[in-house]
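Peer 1: Listed here are the chains, written in short residue letters.
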Amino acid sequence: MTSCDTCIVRNRSICAGLGSEELAVLNRIARTRSISAGQTLMWEGEDSLLVANVIEGVLKLSTGTSDGREQIVGIVYPSDFIGRPFGQRSLQTVTALTDARVCTFARSAFDAFARDHPELEHKLLQRTLIELDRARHWMLLLGRKSATEKIATFLLEMSDRLVPQGCDQPDAPADSFTLPFGRQQIADILGLTIETVSRQLTKLRAEGYVELPSRRDITIIDRGGLTALAG
Amino acid sequence: MWPYFPDLLDRAVPRYTSFPTAAEFHGGVGANDQAAAIAAVDGPASLYLHIPYCRQICWYCGCNTGAANKAERLQSYLDALDAEVDLVAAAMPKGTGIARIAFGGGSPNAISPLAFVRLLDRVFVRFAANAPELSVELDPRDLTGEWANVLGASRITHASLGVQTFSPDLQARIGRVQPAGMIVDAVANLRTAGVGSINFDLMYGLPGQSMAELLDSLDATITLAPERIALFGYAHVPQLMPRQRRIDASSLPDQAMRFAMAACGHDRLTAAGYVAVGFDHFALPHDPLALASKAGVLRRNFQGFTDDQAEYLIGLGASAISCFPDRIIQNEKGPGAYRMRVSQGLMAGVRGVRRSRDDRERAMLIEDILCLRPADLSLFVGLNELGVALSDLCARGIIRWDGEILSPTPSTRPYARVIAALFDPYRATVPERFSNAI
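Here the protein sequences come in this chain order: C and D.
The first sequence runs 1 to 231 under the working numbering.
The second sequence runs 1001 to 1438 under the working numbering.
Derived from the structure by calculation, the hints contain no laboratory data.
By construction, the Cβ of each residue, glycine as well, lies at the ideal position given by its N, Cα and C atoms.
Incorrect hints may have been included.
With the C-beta cut set under 8 Å, the calculated list includes, among others, these residues of chain D facing chain C [stated by the list, open to error]:
1) Gln1075
2) Ser1154
3) Asp1308
Can you build the whole structure from these sequences, using the hints too?
Peer 2: Here it is in structure tokens:
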């Protein structure tokens, strides 16, 4: 059995729908890697050497701003694809927010494979369109909304994306989930202060939208209400 | 029918996509002025991204474009464009709203759909763009079903098709062969993909073009019902555009014929329900361009007539022009030199012009005239020198002039550029580099 056969994200990843022969080829050029929280997989501006599927964990995409700060421009989750096939340079820094496992490919080998398999190229395009949608969503989140709207949108997005592995209904959002990051990181992502994040979460609990079983655990009680708050 | 005054039309005048025009650009304004202007942006900005490549180069074209014949060549240009996006976005004040993002060329669909989506993603993220209006110029010959799907999925709202003419014979003469069925398919694909506003670029004055052929092309256009139409006069300037030397100039329509074509074209389109916008655009009455024209807020910029009200237009890519209230700056034209600059972290602007108070006042008057709305001359200092010329135009019925307000008449449109040129102090002598007004 190859590692592709037992891969828990295969049916939702860019590899979904590939035949067994293609998978066997891909399996030969794939390497599974564990990275620990805080470790960086790719650096912005450097030669793009890798592409990868996320198997487990959550990673952040960031770019440096002119004044040296870090701007988080997206979050990737299990089954997401990272890196830019056919691209010379990495345009984002990819850093693990939690301990993570990724299935990496040398970009050159992946490019060659994609060129020979138009259906994969097509999938890559579909993925990129989804990324574009997420980026627009993200920019809307960062740009327009009040602190309450930002937190509500953020929690809904987390519940949408942090679906348990191997779930039979991969599209159903999870009502209970563990946040992969602390409040300071949420604050950084949303461009808020840590105090605002804490106050907003407390307020959402007091008003019956969510339960907070622990500092990292969230249970959504009133999804409709939270959606209305998100604007 | 408009009255024909050949003496007014026999000299070359600018198209005034800016004032001062590109003829006044010089090397004394460049990257530093560009950086300072970008840092001082104070209000919504619109972005224009130039893709200077086409799969096939048409002989008539005056655009800065080259053959998209090598994947590496395109990729290294796109890498440079990414770098410039980073550079400019970093220099722009945080929180600057992005009103519109336009892709032009060349042909933006000469690059791969994947590269396009990535570029769009990059621009959205770097400029933290919320919900800008998105427009793309397209070559129908390369508008595959996949491309149309991608445009739909990217929520592109405006597409402009280079149609030029429906006549197979004329298409062969100008080196742009695209059967009518291709245009029909392109429109259908764009509609299916949800693109709400389609523009056709059309041409009159093509070599060997007859009035009947022009009207046929207009009728074919009317049937397909694009929201907008730009009807341009072909400018034959082979001394500036060497690729035009391939066109047989012996059969070019003469000035009287060009005038008649512009006039009949105008009549045919307005009779079909289009509203004339500016001196060469048309739009369906419900279209924002027609509404802007009616409301007196039409603008003129490097892309033609527009309803975009942003005071800051940021051009990205080789030869792209950025327009700020007090200066205009053009990027390095050659893709190679452009790449060198931005990969070294330098702004790409290499020439341009600062706009004095006098320039800005004249620019507003010129915009009013080209947009066919009243221009208030009561505070204009250069008025004395113009008295004779204005009286002459008035006597011919081309304008109305009450001593303060210059108002358009039904005969103004074909002479708008000629009238505008009166307010252009840089046009004292007649250079060769412009095309005829009609």
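Peer 1: Now tell me, hint by hint, if it's right for this structure.
Peer 2: Hints, verified against the model:
no.	hint	verdict
1	Gln1075	7 Å, holds
2	Ser1154	6 Å, holds
3	Asp1308	20 Å, violated
Violated hints amount to a single one, hint 3; each of the other numbered hints is respected by the structure.
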